[in-house]
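Participant: If you follow the hints, you should be able to join the two separate chains into one complex; please do so.
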Amino acid sequence: GAVVSQHPSWVICKSGTSVKIECRSLDFQATTMFWYRQFPKQSLMLMATSNEGSKATYEQGVEKDKFLINHASLTLSTLTVTSAHPEDSSFYICSASFESSYNEQFFGPGTRLTVL
Amino acid sequence: AQSVAQPEDQVNVAEGNPLTVKCTYSVSGNPYLFWYVQYPNRGLQFLLKYITGDNLVKGSYGFEAEFNKSQTSFHLKKPSALVSDSALYFCAVRSDPPNDYKLSFGAGTTVTVRA
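In order, the protein sequence lines correspond to chains W and C. Residue numbering for the first sequence follows the working numbering, starting at 1 and increasing by one per position. Residue numbering for the second sequence follows the working numbering, starting at 1001 and increasing by one per position.
I should point out that these hints are in silico values taken from the structure, not numbers from a laboratory. In this text, all values refer to a predicted model and were calculated from it rather than measured experimentally. Check before you lean on any hint, since a few could be wrong.
Subject to a maximum C-alpha distance of 20 Å in a straight line, what follows is the list of computed EDC-like cross-link-like pairs (lysine to aspartate or glutamate) [said to hold, decoys possible]:
no.: 1; chain 1: C; residue 1: LYS1077; chain 2: C; residue 2: GLU1066
no.: 2; chain 1: W; residue 1: LYS20; chain 2: W; residue 2: GLU52
no.: 3; chain 1: C; residue 1: LYS1102; chain 2: W; residue 2: GLU52
no.: 4; chain 1: C; residue 1: LYS1049; chain 2: W; residue 2: GLU104
no.: 5; chain 1: W; residue 1: LYS55; chain 2: W; residue 2: GLU22
no.: 6; chain 1: W; residue 1: LYS14; chain 2: W; residue 2: GLU87
no.: 7; chain 1: W; residue 1: LYS41; chain 2: C; residue 2: GLU1008
no.: 8; chain 1: C; residue 1: LYS1058; chain 2: W; residue 2: GLU104
no.: 9; chain 1: W; residue 1: LYS41; chain 2: W; residue 2: ASP88
no.: 10; chain 1: W; residue 1: LYS41; chain 2: W; residue 2: GLU87
no.: 11; chain 1: C; residue 1: LYS1022; chain 2: C; residue 2: ASP1009
no.: 12; chain 1: C; residue 1: LYS1049; chain 2: W; residue 2: GLU99
no.: 13; chain 1: C; residue 1: LYS1077; chain 2: C; residue 2: GLU1015
no.: 14; chain 1: C; residue 1: LYS1102; chain 2: W; residue 2: GLU104
no.: 15; chain 1: W; residue 1: LYS55; chain 2: W; residue 2: GLU99
no.: 16; chain 1: C; residue 1: LYS1022; chain 2: C; residue 2: ASP1085
no.: 17; chain 1: C; residue 1: LYS1069; chain 2: C; residue 2: ASP1054
no.: 18; chain 1: C; residue 1: LYS1022; chain 2: C; residue 2: GLU1064
no.: 19; chain 1: W; residue 1: LYS66; chain 2: W; residue 2: GLU22
no.: 20; chain 1: W; residue 1: LYS64; chain 2: W; residue 2: GLU52
no.: 21; chain 1: W; residue 1: LYS20; chain 2: W; residue 2: ASP65
no.: 22; chain 1: C; residue 1: LYS1058; chain 2: C; residue 2: ASP1085
no.: 23; chain 1: C; residue 1: LYS1069; chain 2: C; residue 2: ASP1096
no.: 24; chain 1: C; residue 1: LYS1102; chain 2: W; residue 2: GLU59
no.: 25; chain 1: W; residue 1: LYS55; chain 2: C; residue 2: ASP1100
no.: 26; chain 1: C; residue 1: LYS1049; chain 2: C; residue 2: ASP1085
no.: 27; chain 1: W; residue 1: LYS66; chain 2: W; residue 2: GLU87
no.: 28; chain 1: W; residue 1: LYS41; chain 2: C; residue 2: ASP1085
no.: 29; chain 1: C; residue 1: LYS1077; chain 2: C; residue 2: GLU1064
no.: 30; chain 1: C; residue 1: LYS1102; chain 2: W; residue 2: GLU63
no.: 31; chain 1: W; residue 1: LYS41; chain 2: C; residue 2: ASP1009
no.: 32; chain 1: C; residue 1: LYS1102; chain 2: W; residue 2: GLU99
Chain C extracted, bound-state conformation (with noise of 0.2 Å):
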């Protein structure tokens, strides 16, 4: 079984602060990671994945996210949020090898940057 948790629903921030949206994981085997991004009435966006190698990954937008084994985590970073970040975010984990190739998603995080 394979899970993901997203503890805060909502993280609000000022602009030019950084920003921190948390997710722990579950599986059995090696983890693949995801993290996207929603805005109203759109599909995801792809921001950034950990398959394997460094575990500190940078993707899109300024985002980054540092894969850590030992607390099962990826927490995603931005050292300066800007208020165009204001959306839904979603963490999403795939076990390697992988039953089925099915994604498990976290609840979601609803990040609001306030100007």
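Isolated chain W, as found in the complex (with noise of 0.2 Å):
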């Protein structure tokens, strides 16, 4: 149980475009899912957490604008990278959680942008 998927799994885009990522609870409905930035063997970076229906609080030093995250429904949220650049390649990584389990954490495999 407590399974959380992404899509893509990773994604080549040109500078100047968007992309969306989405992030699902596919046995649970998840009240708050959490955004992670990771750069190469480094730890995970907090982006931005967000509950369902309301916006997303996002982390010092991120861009609201530019990481727009959306969470729609208790099972689907997603992060849309808009205007992409080169340095937003990363490796990016969701995960889930509900009241129940002692709002423990469940994470996603992750998804690599790689901005051209």
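Facilitator: What follows is the structure, encoded as structure tokens:
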């Protein structure tokens, strides 16, 4: 149980385009979803926290207009990287939690974004 | 505030030898502690967690960790390492009650098990 999927698993795009990454909780309803960014051989950096039906809370230094997060349902959150640039190339990981599991986070498999 | 320290960037062991990956934490309140493993270009795989109860926690793939409140540590151990255990390991902490359910991750420790 508590499976989280991400789509796509990898994406290559041209500079200036927008890319949408989906995060789904497959067998539970996620009250909260988290988006992380990870550079090679580094730790996870929390970008934002989103609760279903409300605006995401962004961490300091994360541009909310560049990284648009939507959490429209209890099983789906999306991260859209707008006007992507090569420096946005990274590994993006989402996680989801629900209240009855001590709010433990269950992680998705990650999405590798490469911006040319 | 909460934080995690993994003092070793790398740990190298021979196959069949014991493996230890160190983690210390700082939280206000009781800690929820987690260990995850990450293989190249993959997401985090859950290994084990400490929420409450027995200080010795047994997890996946033969790993275990001991919660030590006085030393604020949660070291990951495996009695006999395998080459397939070579990966990046993360320790994470959250406080109970949580302020906002956010996890704080350590910097990660790269484990290399040589045949």
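Participant: Need the status of pair C/LYS1058, C/ASP1085: alpha-carbon distance at most 20 Å?
Facilitator: Holds. C/LYS1058 to C/ASP1085 sits at ~16 Å (cutoff 20 Å).
Participant: Given the hinted pair C/LYS1058 and W/GLU104, is their alpha-carbon gap at most 20 Å?
Facilitator: holds, 17 Å
Participant: For the pair supplied as a hint, C/LYS1102 and W/GLU99, is the alpha-carbon distance within the 20 Å limit?
Facilitator: holds, 13 Å
Participant: Under the criterion that the straight-line Cα-Cα distance not exceed 20 Å, is the pair W/LYS41, C/ASP1009 satisfied?
Facilitator: holds, 10 Å
Participant: Would you check the hint for W/LYS20 and W/GLU52, treating anything up to 20 Å between C-alpha atoms as holding?
Facilitator: holds, 18 Å
Participant: Is it true that the CA of C/LYS1022 sits at most 20 Å from the CA of C/ASP1085?
Facilitator: holds, 16 Å
Participant: Check whether the Cα positions of C/LYS1049 and W/GLU99 lie no farther apart than 20 Å.
Facilitator: holds, 17 Å
Participant: Decide if the proposed pair is consistent with the structure: W/LYS41 and W/ASP88, CA atoms, cutoff 20 Å inclusive.
Facilitator: holds, 16 Å
Participant: Does W/LYS14 pair with W/GLU87 here, judged by a C-alpha cut-off of 20 Å?
Facilitator: holds, 12 Å
Participant: Mind checking the alpha carbons of W/LYS41 and W/GLU87 for me, to see if they're no more than 20 Å apart?
Facilitator: Distance ~16 Å between W/LYS41 and W/GLU87 Cα, so the pair holds.
Participant: Quickly compare the C-alpha distance for C/LYS1022 and C/GLU1064 to 20 Å and report which way the hint goes.
Facilitator: holds, 12 Å
Participant: Given the proposed pairing of C/LYS1049 with W/GLU104, does the C-alpha separation stay at or below 20 Å?
Facilitator: holds, 10 Å
Every hint from the earlier list agrees with this structure, and none is contradicted.
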